[in-house]
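Here the structure of chain A is known, so what remains is to put chain B in place on it, guided by the hints.
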Amino acid sequence: MRQKSIQILFIVFCSIFIHGQSGPDFSILLDKAFQKLYQDPDDCISYSQSLLISDQNIEHKIILQNIISQAYAMKGDYVQSVNVSTQKEVYEEKDKLSYFMQVFGDYDLADQYQNLDLFDQSQRIISDLLASKKLLTSNDPKLKITVAELYQLQALNFGINRNYALALENLEKSNRYIDNHNEENRIIGTENKIFQTTYLLRQNKQEEARKLIEGVISDLEKKNDQPFLSALAYEASSRYYFLKEDYNKAVEILEKGLLKIEKLPYNYLKVKIYESLSKNYFALHNDEKYYDYNKLYAELKAKLDSNNKEGIRYIIKLVETNQNKNLEFQKQNEQRKFWTLASIFLLIIMLLIIYFLIETRRKKDLKKQFDFFKKQKNRAQLISSISNEGVIQTEKSTESNKISKEKEFEILQKLNEWEKSGLYLNKNMSLSSLSAQMEINTKYLSEVINNSKGKNFNGYINELRINHIAHLLKTDPTYLNYKVSYLAEFSGFSSHSAFTTVFKSVTGMSPNAYIQEISKNKAS
Amino acid sequence: MKSVIKIILLLLVCQLPLYGQKVSDDSLLKKANLEIYDNPDHAIHIAKKLLEKENDINMSIRLYMLMSTANIAKRNFDESLLYTLKAKELAQKSNDLKIQTRVLISVAIQYQQMQLFSKSLETLNEADGYLKKLPDDAPEKHIETGRSYAIRGMIYKSKWNSEIALEKFLISVRNFEKVKEKKTTYANMSVVYYNIGYCYLNLFQRDKAEEAFIRSADYARKVQAKSLEAFALKGMAEVYKQKRENRKALDLLIQSENLSKNTGDIILNEGIYKEMADNYLAMGNPSRYQLYNKKHFEMRFKREQNELSSINQIINNHNKETLKKSREIKKQYNILTIICIGIGIILIILLLYFILNIRKTNRKYQKQIQQLIRS
Chain A
1 MRQKSIQILF
11 IVFCSIFIHG
21 QSGPDFSILL
31 DKAFQKLYQD
41 PDDCISYSQS
51 LLISDQNIEH
61 KIILQNIISQ
71 AYAMKGDYVQ
81 SVNVSTQKEV
91 YEEKDKLSYF
101 MQVFGDYDLA
111 DQYQNLDLFD
121 QSQRIISDLL
131 ASKKLLTSND
141 PKLKITVAEL
151 YQLQALNFGI
161 NRNYALALEN
171 LEKSNRYIDN
181 HNEENRIIGT
191 ENKIFQTTYL
201 LRQNKQEEAR
211 KLIEGVISDL
221 EKKNDQPFLS
231 ALAYEASSRY
241 YFLKEDYNKA
251 VEILEKGLLK
261 IEKLPYNYLK
271 VKIYESLSKN
281 YFALHNDEKY
291 YDYNKLYAEL
301 KAKLDSNNKE
311 GIRYIIKLVE
321 TNQNKNLEFQ
331 KQNEQRKFWT
341 LASIFLLIIM
351 LLIIYFLIET
361 RRKKDLKKQF
371 DFFKKQKNRA
381 QLISSISNEG
391 VIQTEKSTES
401 NKISKEKEFE
411 ILQKLNEWEK
421 SGLYLNKNMS
431 LSSLSAQMEI
441 NTKYLSEVIN
451 NSKGKNFNGY
461 INELRINHIA
471 HLLKTDPTYL
481 NYKVSYLAEF
491 SGFSSHSAFT
501 TVFKSVTGMS
511 PNAYIQEISK
521 NKAS
Chain B
1001 MKSVIKIILL
1011 LLVCQLPLYG
1021 QKVSDDSLLK
1031 KANLEIYDNP
1041 DHAIHIAKKL
1051 LEKENDINMS
1061 IRLYMLMSTA
1071 NIAKRNFDES
1081 LLYTLKAKEL
1091 AQKSNDLKIQ
1101 TRVLISVAIQ
1111 YQQMQLFSKS
1121 LETLNEADGY
1131 LKKLPDDAPE
1141 KHIETGRSYA
1151 IRGMIYKSKW
1161 NSEIALEKFL
1171 ISVRNFEKVK
1181 EKKTTYANMS
1191 VVYYNIGYCY
1201 LNLFQRDKAE
1211 EAFIRSADYA
1221 RKVQAKSLEA
1231 FALKGMAEVY
1241 KQKRENRKAL
1251 DLLIQSENLS
1261 KNTGDIILNE
1271 GIYKEMADNY
1281 LAMGNPSRYQ
1291 LYNKKHFEMR
1301 FKREQNELSS
1311 INQIINNHNK
1321 ETLKKSREIK
1331 KQYNILTIIC
1341 IGIGIILIIL
1351 LLYFILNIRK
1361 TNRKYQKQIQ
1371 QLIRS
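Protein sequences, first through last, are from chains A and B.
For what it's worth, our numbering labels the leading residue of the first sequence as 1, then goes sequentially.
For what it's worth, our numbering labels the leading residue of the second sequence as 1001, then goes sequentially.
Possibly wrong hints are sitting among the right ones.
Computed far set for chain A versus chain B, every beta-carbon distance over 12 Å [to be verified]:
| hint | residue |
| --- | --- |
| 1 | S138 |
| 2 | K144 |
| 3 | E255 |
| 4 | K289 |
| 5 | N333 |
| 6 | I440 |
| 7 | G454 |
| 8 | N521 |
Here chain B is said to cover these stretches of chain A; the calculated rule only asks that three of the stretch's residues, wherever they fall, bring their Cβ under 8 Å from a Cβ of chain B [to be verified]:
| hint | stretch |
| --- | --- |
| 9 | 274-286 |
| 10 | 313-321 |
| 11 | 354-360 |
| 12 | 365-375 |
Don't read these hints as lab results, they were simulated from the structure.
Every residue, glycine too, gets a C-beta built ideally from N, C-alpha and C.
Chain A with its partners taken away, still in its complex shape:
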């Protein structure tokens, strides 16, 4: 009893476990991981890794690994970030690559390029990706948010190259792919707004920027669970006050932002805040604070720069794996196309071969029928010249010297007479009864039949029967109305099926087909 309950428990547990991997549940878990990315990168890494261990779906793994890699990048640990990105390729190779996997792999590489300041490379990959109609029109939510993220990355690339108009345009496009159905979408949306603020400020559209960022900040303050985004928004907002030369307000906002992420390892953002703080304190002639923050900035910046340099060492490997994967994907694509084509051809060829075989069989049957009808036509002439034939046949049989010519001739004569008598229609006719009737040794009779007719007694008598019935069917229309089973009985066959088989083997067509053919011709 106890064992059974344990078993049930085990099954239930398993089903929960398996269910845990399915679509909607995974997207909830994933969304949580993404949310943690903006709340605490360390927590996000351990959470995603625990998900990673229990998940077998390759696509899920890739997304999780991208999140982990992003978390490391936010911490400024570019080496780990690149390494995590590179790792996934190991078990990817043997699996089928889906379109999503290819797009996401490229996105991941573009992201890494961006982290490591390789903006041109990042821009190139994204332009290639975003040129694909298939991607832009996809309805898959996973692909849609990836497109939004791609546009965001592209905007950052343009921003770095001081092309603010294009950057803003890309952010607009990114917004169009966001639908706020989950945290990930909302976070990307907020992030877009903050970036928009920065670029608007660069374009000297200060009031527009202020309105935008104030909206973002008031939203974030209501929720109060987004430390990264809040700090990022405060940093952007401080730039507005810096431009307005209200350094005190800028400092106040920056300190507020710094407080949000003070205990969290968002080093990349911290560097930006330290830099802004030191600049503002410098402008305020507050030397003490200026040196403090300048030192913090310089130290962290140096650390990040060296991390960045080290990360670049590993990027080549990532590039290689990514490109190999893309080649693999291309190969699989080409292979699929090739095999589709090949199997279509194969199918056509197979069908043609089958048809060909059917036609050859028909040809065989028709040949038989043709021979049969021809024979039947010549039957009358054959009967008249039968004696001659007998002579010819005896000549053939001289090869076996067991039976004398006279004896053989005599037997053939008797057989001819017997054929004319129609006695072969008797059901009980057998080799022994015929030999008794003719008073000839069974062995002799069998041998003569074999030699002269080219077949054994059964074949010989069956052919006689079929020829007879076929002739009757052709000449006497009344027979056409009889049932096949009656015809079978009439011609001395014990069963319907035996008759059909023998009839087919002799004439090349079934009795029914024969009857149809005859009546068709009679009618016309």
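Frame of chain A, contents of chain B only:
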């Protein structure tokens, strides 16, 4: 600061002597040296070629070091280390203490460039062993000791350990001062004093810092190294910025900018623009601040992208190769597809031919059979 490291690298590496080389090889080598950062593959190719017919140990060592540097540019650190170690090995074979120490210190610079600081320090310690064996009157002893301590100082400085860095730089200066042939050491002295100035700045000892920068500028002037002088002036400007004498700082910076005009050193310009922007900000001149801040960011971006140019090159090469491979795959499958279509069509035509033939005979038979039945 980066550029200073580069300058010192350039100065120090060029001190490796060149004996009895043919002109053609020399020009090739120069070309290779020039292409280290732009086309490292080509530089390596030239060096390998030269190495094949090279008998002179000094030259071989130099070629190995060149290949190592080119590999750093390619971010192929394993390969770079390999060549560095080969150079080290060769030097040990030479039995010439001077060459051995010189190579070891070059190796240490290499490590320092790769930011493998502990490795660099280790190599410097090894070099110290050889340095001790050198006779006191040999000028190499002091030059190499000076270089060695200069590198140590830079390592500590990049680790934000100004006190220790300062200590090392001062030892370095003392050693350079011992060299009788003063002129050869001026450039190095200027660089070291520049670094000393920054260490003092970090330690808030402004007067000492100023003194160091003045010396750095003096030494630079003695060898007419304009960019070194510009660096020194920029350092001085930072002292005045800290003292809140922004006008004076700006004057120095403008002077420095003028000096650096011809050299076109991005890093120097980046530093000058940053300082200018800072000073204008402190003086409450936002429009000027914006202007120079923009210039500063432009320079910074340019420098960062310059540093990444070799990696970009490698990635582009990779992309090209992948594109080639991808085209090959496409071609391969196109051929396969054509073959498949060809064979398929031929087979279909053949089969159709047979089928039509057989149907014809079948029809013939059928007709004949019907005739036979009717007759």
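Right, here's what the structure says about each hint:
1. Its beta-carbon lying about 23 Å from the closest one in chain B, S138 (chain A) satisfies the requirement of being farther than 12 Å from that chain.
2. Every beta carbon of chain B lies more than 12 Å from that of K144 (chain A), the smallest distance being close to 27 Å; the non-interface claim holds.
3. Here E255 (chain A) stays apart from chain B, with its beta-carbon at least about 19 Å from theirs, past the 12 Å limit.
4. With a least CB separation of 14 Å from chain B, K289 (chain A) remains clear of the 12 Å interface cut-off, as annotated.
5. The claim that N333 (chain A) is not at the interface with chain B is violated, since a C-beta of that chain comes within 12 Å of its own (minimum 9 Å).
6. Residue placement check: I440 (chain A) keeps its beta carbon more than 12 Å from all beta carbons of chain B (closest about 36 Å).
7. Every Cβ of chain B is farther than 12 Å from the Cβ of G454 (chain A); the closest lies at roughly 23 Å, confirming the non-interface assignment.
8. Taking the minimum C-beta to C-beta distance to chain B, about 5 Å, the non-interface status of N521 (chain A) is violated against the 12 Å cut.
9. Chain B is given as covering the stretch 274-286 of chain A, and this holds because 4 residues of the stretch bring a CB closer than 8 Å to a CB of that chain, at least three being needed.
10. Interface restraint, the stretch 313-321 of chain A with chain B: holds (5 residues with C-beta to C-beta distance below 8 Å; minimum three).
11. For the stretch 354-360 of chain A, the stated coverage by chain B holds: 4 residues have a C-beta nearer than 8 Å to a C-beta of that chain, and at least 3 were required.
12. Note: the stretch 365-375 of chain A has 6 residues with beta-carbon separation from chain B under 8 Å; the three-residue rule is met and the coverage holds.
Figure legend: structure checked against the earlier numbered hints; hints not met, in rising order: 5 and 8.
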